[in-house]
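Peer 1: This is what each chain is made of:
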Amino acid sequence: MLENAWLAWLILGSPLIAFVLVGVVGRRLPEGGAYVVVGSFATSLVIALYFLAQVLLQGAVGGTTSFSIPGFTWIPGNPATVTEEGKIEIRLLIDNLSAFMLVLVSFLSLLIAVFSIGYMHEEEGKPRYYAEIALFVAGMLGTVSADNFLQLLIFWEIMGLCSYLLIGFWYHKPEAASAAKKAFLVTRVGDVLFLAGILVIWNVFHTFRFEEIAAEIPVLWGSSFTPQLATLIPLLLFGGAVGKSAQFPLHAWLPDAMEGPTTVSALIHAATMVKAGVYLTARSFVFLVPIASGGGILVAAVPWTAILVVAIIGGFTAVFAGSMALASYDIKRVLAFSTISQLSYMFLGLGAGAYLMASEAAAGSPEVNTVGYSAALYHLMNHAFFKALLFLAAGSVIHAVHTNDMREMGGLGAHMPWTSRTMLMGALALSGIIPFSGFFSKDDILAVTFETGAANPLFYLLWLAGIATAFMTAFYTFRMWLMTFHGEYRGHGHPHESPLVMTSVLLVLSAFTLASGFIAFVTNGFGNFVFYEEPHAALPLVTPLLSGNVVELGLTGLSLALAFAGLGLAWLVYARKSIPASTFTRTPTRAFLHSMLLHRYWIDDAYNAFGSRAVAGFGRATDRFDRNVVDGIVNALGRGTVVTAALADRFDRKVIDGAVNSISLETIRSSLALRTRQTGQVQNYTWVIVVGIAVILALAFILGFLPRALGRP
Amino acid sequence: MIPVEYELVLSLALFCIGLYGILVRKNAIIVLMSIEIILNAAILNFVAFSSYIPPSGDPAGQVFALLAIALAAGEAAVGLAIFLALFETHGTVELDKIRLLRW
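Residue numbers (our numbering), protein chains in the order written: chain A, 1088 to 1800; chain B, 17 to 119.
Negatives, chain B to chain A, calculated, CB over 10 Å:
hint : residue
1    : A57
2    : P71
3    : F80
4    : H106
Per label pair, the in silico range of CB-to-CB distance:
hint : chain 1 : residue 1 : chain 2 : residue 2 : range
5    : A       : T1754     : B       : R118      : 19 to 27 Å
6    : B       : A76       : A       : T1766     : 39 to 47 Å
7    : A       : T1754     : B       : V63       : 49 to 57 Å
8    : B       : L116      : A       : I1755     : 24 to 32 Å
9    : B       : I46       : A       : T1766     : 19 to 27 Å
10   : B       : L24       : A       : T1766     : 32 to 40 Å
Calculated from the structure, these hints are not laboratory results.
Keep in mind that this is a model prediction, so the values were computed, not measured.
For glycine and all other residues, C-beta sits at the position ideal for the given N, C-alpha and C.
Modelling step: build the complete structure from the supplied sequences, incorporating the hints.
Peer 2: Here it is as structure tokens:
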């Protein structure tokens, strides 16, 4: 049992409260409400740690490690059925995965919020910034603690909204505004697939809850859960993950998302948003590797195609994004491409892990081998730390030199010793140099991929893509670090070290960058810490070193050697300058390749062309239809009404007003004529009286007296 | 006995003289006098019919004649008083100069 389970609501409740508080009265709070937001993240972290400890302790004594914390019934179900079929509840799910993610997210968000106090100090609109990051983090915490797909989608969309708002934080800059739109629209493509997947799930299982779905899969397999649906559902869900985690072909938004403040980039890349895609794939792993009702894997229902799609997208995007980072001059974009590339490693790990798990089960192994799954999440954690470090260090550099362009940096190591050293730690981790954290998890993923190659040779190809990426990663990371901190300063400003509030965060993060890889040693393999279905001591560095497996040791050596080769090449080109950088653009072929990378394989251009030709053409056609046909009808109606109104107006003025006016005019005219008869002369009046009486008498005589006198009635 | 027609013709003559005076004379005093003549014409009618009504006449006509004479005296007094007030305000009693009864 979980102690004090209700506290879990505070994990996402406290950033939400901070959001409301800062959003409403942030203007009056010191630093635009920064301390409120920092406090709320710290609260979330403490509670999340409390639950992680409980989950781990329960797991250690062999108890259950998955807890669903009841909230409230959102939509009541059919009361006639025992399970209240169709009921939708808002609940929190606390298990190894979500507790681990809650701690990771709240910890990194806390550090980034603290860093923001220094970084955003001179910005306008701080309350807006802090309110939005509070909501953003609440969205991520809600996503990773959701108990069902619908709840997950709600928080997922909150994050989408916040990413739009934060990328467009400097909305007066046209690039930022369009980058925000691009992020929103591109991730929307994935979200539509995700929503479609959720609807299919509801249609099949009549529930959104993860644990009920997992239990229903073996029951419904062969009846309503058909092999086609078994492939379709994970692919649709993966579509959502591709959008959120910026995998090919929906990767285009992430490099542009660099238009936001650097702290936001750090938040998006390290703690929230892009990790949600990996989390979703891990959370819906049961669709990739269904579990039979008595334990073990339901091999018949394994969607091999969907698993291959996940792994291939991962392997391909790793090389694809890594190569684009080679030619970029924007310090943040290099990091953005590396994020895409590293996320691809995680998808590769999940895909290869699922394939390995399923193929071992198909071969009759009773054990559930969760090594790939754990490796991917291990890499997620390590990447979160070193990418947050790299982004915040990049933010510190940008804060000092006021540019993103590395051609205007150089030699900053002398001015910014702390930033330079901490960023070097992050760069070593990203490159996968032992003993920094990135090495362990990346090697883990590559080892799983290689191992899966025995089941399907395609994975040898993906493994090659993986180690090629490792080489490129080391090269572009050190190209970035050397261009920024080494050599002569090429800019025009006066760079200075950032304030203590920023550098201390960098120091904390660099400590974690160094240490987070060793968590796996503490837990005897990361697979004992975060796992799918059952714990599994999974960490090649531990196992091969201890078991003395020559092949795996060799592979580790190879990837390490390639990382050092990339590092060394960068050193030769950008520090020693014994190989001039122009070597890469000397021949036409090389120049073409360089320009292709610089233009991001023209994919953005193609999307833009599609947007401006096809979509805008369709828009123009509908516009023409609108103007000519719809407006024509409306205008004709309007014109008819105007004509009718004019006629009615004329009738009104001429006939009705005319009658009224002429009556009154005639009255006036006749009274003017008559009043001249009123002379005031008594004798005139007397005359009138006399004549009148005479006339009356004459009439009386003619009409009354005469007929009688003449004998006629 | 004088036939009643003679008296009626006389009365008509007096009425016409009075009416003529009212319509054409400009002096208010004379107009007042003309009104008195008309009154007298009417009184003459009372008296004439008083003796004429068969079978032996009706004294009520003579009583009315006396009453009317008394009223005429009062009316003349009121009329003269109005003319005095008019003379004080307008400085004249010429009726064509006085245009009080208009819009």
